[in-house]
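For reference, the chains in residue letters:
Number of protein chains: 2
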Amino acid sequence: MVQLTVCLDSGGEKPLYQQLYESLVSQIRSGALKAGDRLPGKRALAGQLAVAVNTVDTAYQMLAAEGYLEARPRSGFFVLESGGFPAVEAPAFPHRPAADAPQEQEDEEEPCQRFDLSTGGVDTALFPFRTWGRIQRDLLYGEPELLRHGHRQGDENLRRELAEYLRAYRGVDCGVEQIVVGAGVEYLLGLVARLLGPVTAAVENPGYDRSRMILENSGVRCRCVSIDEGGLSAEGLEASGADLCYVTPSHHFPTAVTMPVSRRAQLLRWARQRPGRYILEDDYDAEFRFDTRPLPSLQGMGGRWGPVIYLCTFSKSLAPSIRIACMVLPMGLLGQYQAVFGSYANTVSRFEQQTLCRFLSQGHFTRHLSRMRSVYRGRMTALAEALEGAFGRENIVLQGRHTGLHLLLTLKNGPGEENMVRAARQAGVALRGLSQYYMEGRETCPENTVVLGYASLRDEEIPALAEALQRAWT
Amino acid sequence: MVQLTVCLDSGGEKPLYQQLYESLVSQIRSGALKAGDRLPGKRALAGQLAVAVNTVDTAYQMLAAEGYLEARPRSGFFVLESGGFPAVEAPAFPHRPAADAPQEQEDEEEPCQRFDLSTGGVDTALFPFRTWGRIQRDLLYGEPELLRHGHRQGDENLRRELAEYLRAYRGVDCGVEQIVVGAGVEYLLGLVARLLGPVTAAVENPGYDRSRMILENSGVRCRCVSIDEGGLSAEGLEASGADLCYVTPSHHFPTAVTMPVSRRAQLLRWARQRPGRYILEDDYDAEFRFDTRPLPSLQGMGGRWGPVIYLCTFSKSLAPSIRIACMVLPMGLLGQYQAVFGSYANTVSRFEQQTLCRFLSQGHFTRHLSRMRSVYRGRMTALAEALEGAFGRENIVLQGRHTGLHLLLTLKNGPGEENMVRAARQAGVALRGLSQYYMEGRETCPENTVVLGYASLRDEEIPALAEALQRAWT
Numbered sequence: 001m002v003q004l005t006v007c008l009d010s011g012g013e014k015p016l017y018q019q020l021y022e023s024l025v026s027q028i029r030s031g032a033l034k035a036g037d038r039l040p041g042k043r044a045l046a047g048q049l050a051v052a053v054n055t056v057d058t059a060y061q062m063l064a065a066e067g068y069l070e071a072r073p074r075s076g077f078f079v080l081e082s083g084g085f086p087a088v089e090a091p092a093f094p095h096r097p098a099a100d101a102p103q104e105q106e107d108e109e110e111p112c113q114r115f116d117l118s119t120g121g122v123d124t125a126l127f128p129f130r131t132w133g134r135i136q137r138d139l140l141y142g143e144p145e146l147l148r149h150g151h152r153q154g155d156e157n158l159r160r161e162l163a164e165y166l167r168a169y170r171g172v173d174c175g176v177e178q179i180v181v182g183a184g185v186e187y188l189l190g191l192v193a194r195l196l197g198p199v200t201a202a203v204e205n206p207g208y209d210r211s212r213m214i215l216e217n218s219g220v221r222c223r224c225v226s227i228d229e230g231g232l233s234a235e236g237l238e239a240s241g242a243d244l245c246y247v248t249p250s251h252h253f254p255t256a257v258t259m260p261v262s263r264r265a266q267l268l269r270w271a272r273q274r275p276g277r278y279i280l281e282d283d284y285d286a287e288f289r290f291d292t293r294p295l296p297s298l299q300g301m302g303g304r305w306g307p308v309i310y311l312c313t314f315s316k317s318l319a320p321s322i323r324i325a326c327m328v329l330p331m332g333l334l335g336q337y338q339a340v341f342g343s344y345a346n347t348v349s350r351f352e353q354q355t356l357c358r359f360l361s362q363g364h365f366t367r368h369l370s371r372m373r374s375v376y377r378g379r380m381t382a383l384a385e386a387l388e389g390a391f392g393r394e395n396i397v398l399q400g401r402h403t404g405l406h407l408l409l410t411l412k413n414g415p416g417e418e419n420m421v422r423a424a425r426q427a428g429v430a431l432r433g434l435s436q437y438y439m440e441g442r443e444t445c446p447e448n449t450v451v452l453g454y455a456s457l458r459d460e461e462i463p464a465l466a467e468a469l470q471r472a473w474t
Numbered sequence: 001m002v003q004l005t006v007c008l009d010s011g012g013e014k015p016l017y018q019q020l021y022e023s024l025v026s027q028i029r030s031g032a033l034k035a036g037d038r039l040p041g042k043r044a045l046a047g048q049l050a051v052a053v054n055t056v057d058t059a060y061q062m063l064a065a066e067g068y069l070e071a072r073p074r075s076g077f078f079v080l081e082s083g084g085f086p087a088v089e090a091p092a093f094p095h096r097p098a099a100d101a102p103q104e105q106e107d108e109e110e111p112c113q114r115f116d117l118s119t120g121g122v123d124t125a126l127f128p129f130r131t132w133g134r135i136q137r138d139l140l141y142g143e144p145e146l147l148r149h150g151h152r153q154g155d156e157n158l159r160r161e162l163a164e165y166l167r168a169y170r171g172v173d174c175g176v177e178q179i180v181v182g183a184g185v186e187y188l189l190g191l192v193a194r195l196l197g198p199v200t201a202a203v204e205n206p207g208y209d210r211s212r213m214i215l216e217n218s219g220v221r222c223r224c225v226s227i228d229e230g231g232l233s234a235e236g237l238e239a240s241g242a243d244l245c246y247v248t249p250s251h252h253f254p255t256a257v258t259m260p261v262s263r264r265a266q267l268l269r270w271a272r273q274r275p276g277r278y279i280l281e282d283d284y285d286a287e288f289r290f291d292t293r294p295l296p297s298l299q300g301m302g303g304r305w306g307p308v309i310y311l312c313t314f315s316k317s318l319a320p321s322i323r324i325a326c327m328v329l330p331m332g333l334l335g336q337y338q339a340v341f342g343s344y345a346n347t348v349s350r351f352e353q354q355t356l357c358r359f360l361s362q363g364h365f366t367r368h369l370s371r372m373r374s375v376y377r378g379r380m381t382a383l384a385e386a387l388e389g390a391f392g393r394e395n396i397v398l399q400g401r402h403t404g405l406h407l408l409l410t411l412k413n414g415p416g417e418e419n420m421v422r423a424a425r426q427a428g429v430a431l432r433g434l435s436q437y438y439m440e441g442r443e444t445c446p447e448n449t450v451v452l453g454y455a456s457l458r459d460e461e462i463p464a465l466a467e468a469l470q471r472a473w474t
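Protein chains in written order, with my numbering: chain B, 1 to 474; chain E, 1 to 474.
Any given hint could turn out to be false.
Unchecked claim - SDA-like mimics (lysine to any residue), calculated; alpha carbons at most 20 Å apart, straight line:
| # | chain 1 | residue 1 | chain 2 | residue 2 |
| --- | --- | --- | --- | --- |
| 1 | B | Lys412 | B | Arg422 |
| 2 | B | Lys42 | E | Lys42 |
| 3 | B | Lys42 | E | Phe341 |
| 4 | B | Lys42 | B | Glu443 |
| 5 | E | Lys42 | B | Phe341 |
To be verified - Among the chain B residues that face chain E by a calculated CB cut under 7 Å, a handful are:
| # | residue |
| --- | --- |
| 6 | Thr124 |
| 7 | Gly184 |
| 8 | Ser317 |
| 9 | Pro320 |
| 10 | Tyr344 |
It is worth saying that the hints were derived from the structure and are not from the lab.
From a predicted model like this one, the values you see are computed outputs, not experimental measurements.
Every residue, glycine too, gets a C-beta built ideally from N, C-alpha and C.
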């Protein structure tokens, strides 16, 4: 394996992956890296450069797609001989044979597995087909004016329903004018990032790597702050030098910690210390709290003039393929938002906006949620009991029972997380180890712990699943 | 009116509007600008600073929303007294009375006018309600797997249909893997901008100001290049120092020029001169060519390994509120796209993707287009004849008859564009003058010329409209 000399400027205008990509291209072109050279592993290089693994992965994938590198399964990335280079200096746009085309990316889910414990899915059998379909039909035949452009932040009656729902169920304090409807949380995160400019953001570690990636793609520098028993550490936040703080206070992903009020107050105090500081609250699955009413949102504690930008999605409560999410902007950011994005057309089809609006206003949504909550609670309980039965209650620790839609399982004296994940896959169970959500400091990750998403599991599979895991791990 | 000293750095990391905003804030805080001072007009300041009017407008709107400035109708922007300032130094997030809330933005269209000749609309009465509704219902009841995540670039069968449609009707040369489906052209433009990084783009002048704004919001610096009888000037492009070129070659907006093949070849040669140069082809309404088949797209001339990023929308051919657009990436950008955005969820609901897919595959779309084309051709002809009848054929020049969905009208010896627009509005006709699409060099704009969008006009209104304009202008 070769030794790389790469110098990245984390304060620079270019994203880190781009800097790394360009540095490697120039080393390959100059001959410093030769055909057949094996590049360092992604984790190793990420550690050496103190960047996210994703940064290195992005640069490597770009180089592979462009023919500089070759990815060999289970061996890593190798420099290709120069004959393989695209003719970058004198591109004549030849019609290359289709075989050269980059492959379509594979989805990271593994649908071929027998049991799916990934965390992205939902139980689509619970979807309210009849009601949703009836509302859609009524709208299509009865409301032709929905073919015209609607309000750019989202149709006003929908935003009114959302404001009322968020107030009643999440303690969000906002007016209709603060709500922006958009085609998914990822889209809205990108807007926030561009609105706030090239700031530095603190992100949770372990945490939701995709949010970090989106922020970084949009020009936000991210610093990892570790999670303790109260969620994101306030001291860590202070020390991070960040002016934006991305958190999941209702139900931290993936450790399932709910942030206590004292910590929430610390976060709000941090934001108040300097103008221009904001907290980005991602309330991604707070609808599924099984024991008590969830804590009101951090946004509600801060108030409508406060520093919290609140995000919520209908991916989990309706379906991932219905692309509706919403964001609540602080009053203090509204002028800036309208100045920058005020003339962007809304990204959600008005028929789907209005279907959701009636689904909310006619009370279907709260009934649907309470039905889903009860199904998921039953499934979580059945899964927990089956696992305790299979392994013995004294041999495992289960965390995250109060809020959905995943559990953390720790196997006492287990064979190590990596072995657990591998053995589970061989037994037909798709799941991820907790350490995969650590963007740095993996050595501090609790041992023998895996993440079990149960939303798309079928109830009748649970006994066989528990047995398969027990056989795989003991 | 006060004299401003502002120094902007067009190569800087911060967008120009942000630099201008910050400069004005500091001048207000320092007392260099005093309460009651009137700021220069937007156009005057934009001319003085050599930036787009939109840049100045954005900064002014931000300052107004935050209470630094007050907008007085027909007089401009004035500095507010310091009592009106928000407490930026020590924000305590008080619950301010709702009366302080920034107003919801108004749509720029004027629905109260009797005749709507704006260019954003379509004739929604032509929408194929029955077919669209039947397909939607079939999918909702018959394809529950559509509730799950689909392919991140868009469902594969939809992309296959799009590739075939674009090949057959627009001469686009692409494989399924090059297509990205997204919730509107604005969203896709934002992705392109982030993909290419902080490049400099040449944009058409006159041209579509919103595209320029989106590019600038996403970190792309824009340089205006003037339009001649062949569209965007190749010499102007060369001189602009740009590495990205945004064009509407099929039907330039708003001058209606179709770019000839020789000019297209020049643009492709320009792109070939340097690696990393791209052309962004916005094929926003090429479906509505009335005389002959439209020229094949520039993308097709360049080929799938060529330098053209192709954008098209279904806003005009279906409805603005159905948010589906698509982009064809050059093969050479595919690896980079997948590395950066490959894991972003698609922004279009899968039910709408699949509805469009069946609408295309079952032949409804081409039938629908040919029906619309015939209605719009009839409307354009009726409008042209009514105008010639009202004004006398020798007194007006009409341009843009071959391609939809707007005409340019020049009134010989007219009272000046500004007077024409004002008189039309007083007579109940909403329209814009051609000079409003000039981002700079308005003095070169042809005189007495207005833009007439006829897509959302009703046929029976045409005689009264022509008469109203004739009375207003003579």
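Hints, verified against the model:
1. B:Lys412 <-> B:Arg422: holds (17 Å)
2. B:Lys42 <-> E:Lys42: With Cα atoms ~51 Å apart, B:Lys42 and E:Lys42 exceed 20 Å; violated.
3. B:Lys42 <-> E:Phe341: holds (19 Å)
4. B:Lys42 <-> B:Glu443: Holds - the C-alpha atoms of B:Glu443 and B:Lys42 are around 17 Å apart, at most 20 Å.
5. E:Lys42 <-> B:Phe341: Answer holds: E:Lys42 to B:Phe341 is near 19 Å, not above 20 Å.
6. Thr124: holds (4 Å)
7. Gly184: Where the cut-off is 7 Å and the nearest Cβ of chain E is about 6 Å from B:Gly184, the hint holds.
8. Ser317: violated (12 Å)
9. Pro320: Check passed: Cβ of B:Pro320 comes within 5 Å of chain E, closer than 7 Å.
10. Tyr344: Constraint on B:Tyr344 satisfied, holds at 5 Å.
The earlier numbered hints that this structure contradicts are 2 and 8.
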